[in-house]
Amino acid sequence: MGNGTSIGRVRGLGSARHGAQHWLVQRYTAIGNLLAGLYLLFSLVGLGEFTHKALHAWLSKPLPAVMVALFVVSTFWHARLGLQVLAEDYVHEEGNKFAVKALLNLFAFAGAAFGLLCVVRIALGA
Amino acid sequence: MAQAETKPKSRPISPHLGIWRWGPAMFTSILHRVTGNGLAFVGLGVLLWWLYALAAGPIAYDTFAAHAGAWYGKVVLVGLTWAFFNHMASGLRHFVLDIGAGYELKNNNLWSVLTPLLAVAATVATWTVILLK
Numbered sequence: 001m002g003n004g005t006s007i008g009r010v011r012g013l014g015s016a017r018h019g020a021q022h023w024l025v026q027r028y029t030a031i032g033n034l035l036a037g038l039y040l041l042f043s044l045v046g047l048g049e050f051t052h053k054a055l056h057a058w059l060s061k062p063l064p065a066v067m068v069a070l071f072v073v074s075t076f077w078h079a080r081l082g083l084q085v086l087a088e089d090y091v092h093e094e095g096n097k098f099a100v101k102a103l104l105n106l107f108a109f110a111g112a113a114f115g116l117l118c119v120v121r122i123a124l125g126a
Numbered sequence: 001m002a003q004a005e006t007k008p009k010s011r012p013i014s015p016h017l018g019i020w021r022w023g024p025a026m027f028t029s030i031l032h033r034v035t036g037n038g039l040a041f042v043g044l045g046v047l048l049w050w051l052y053a054l055a056a057g058p059i060a061y062d063t064f065a066a067h068a069g070a071w072y073g074k075v076v077l078v079g080l081t082w083a084f085f086n087h088m089a090s091g092l093r094h095f096v097l098d099i100g101a102g103y104e105l106k107n108n109n110l111w112s113v114l115t116p117l118l119a120v121a122a123t124v125a126t127w128t129v130i131l132l133k
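Residue numbers (our numbering), protein chains in the order written: chain A, 1 to 126; chain B, 1 to 133.
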């Protein structure tokens, strides 16, 4: 018996035509991180006062609240994608890889939800 | 019909696991990964703690501020600022490489060396402004 035909051996091993999605979203969120991150940096340095009163007053304003909320979403999404690559590169056993990626998804969504709730709470005056 | 060979053909492997030497692009690439994952683990953790402390009130914020103001807190904050700028600079370099530019050896080496240096300069500038204000 042979080992199958050449075409049979490679069938199903090619591109599923969605590999670019991860790469593209990593770039889209990178642009989001860049804009929101620089906004946060310049705002904080410009504020120059890091007391609870000053920062709480700043974060209750609509624009800072929206920008920090977007920063939370963009950075957690970007980190989820980046850490996925880390797991794919260094975790070689399939079962462990699945477990790490499942945990990563839980932490990424939980972290982003927690950060958003804090911002919303401050912005809505609680 | 063409039968598939049982053994894979020996093909050139690059980069070879044993034959390599340090280059600027390699150093910048490793820094990009290290700072990115450092920001993900430490940076996002500090961000959440900071937002939580702000939302929870002055007492929780005092706890955060006490740690952030201690020597180890300052090391972490300066480290995160550096990681942010380094990841940003090498990330911007990636955008240039993504459009297919900057692969000429001289240019590639130049920007590989410049991105970490720019990050250090931006970190020093940021903390100088914060501390002098």
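Keep in mind the hints are simulated off the structure, nothing from the lab.
Because the structure is a prediction, the values reported are computed rather than measured.
Beta carbons are placed, not taken as given, at the ideal position from N, Cα and C, and that holds for glycine.
Be careful, since some hints might not be right.
To be verified - Quick list of in silico lysine-lysine cross-link-like pairs, BS3-like style, CA-CA up to 25 angstroms:
1) K74(B) to K53(A)
2) K74(B) to K133(B)
3) K133(B) to K53(A)
4) K133(B) to K61(A)
Stated by the list, open to error - Computed far set for chain B versus chain A, every beta-carbon distance over 12 angstroms:
5) F27
6) L48
7) F64
Going down the list of hints, with the structure as the test:
| no. | hint | in the structure |
| --- | --- | --- |
| 1 | K74(B) to K53(A) | 21 angstroms, holds |
| 2 | K74(B) to K133(B) | 17 angstroms, holds |
| 3 | K133(B) to K53(A) | 18 angstroms, holds |
| 4 | K133(B) to K61(A) | 23 angstroms, holds |
| 5 | F27 | 18 angstroms, holds |
| 6 | L48 | 5 angstroms, violated |
| 7 | F64 | 9 angstroms, violated |
Hint check: violations occur at hints 6 and 7; the rest are consistent with the structure.
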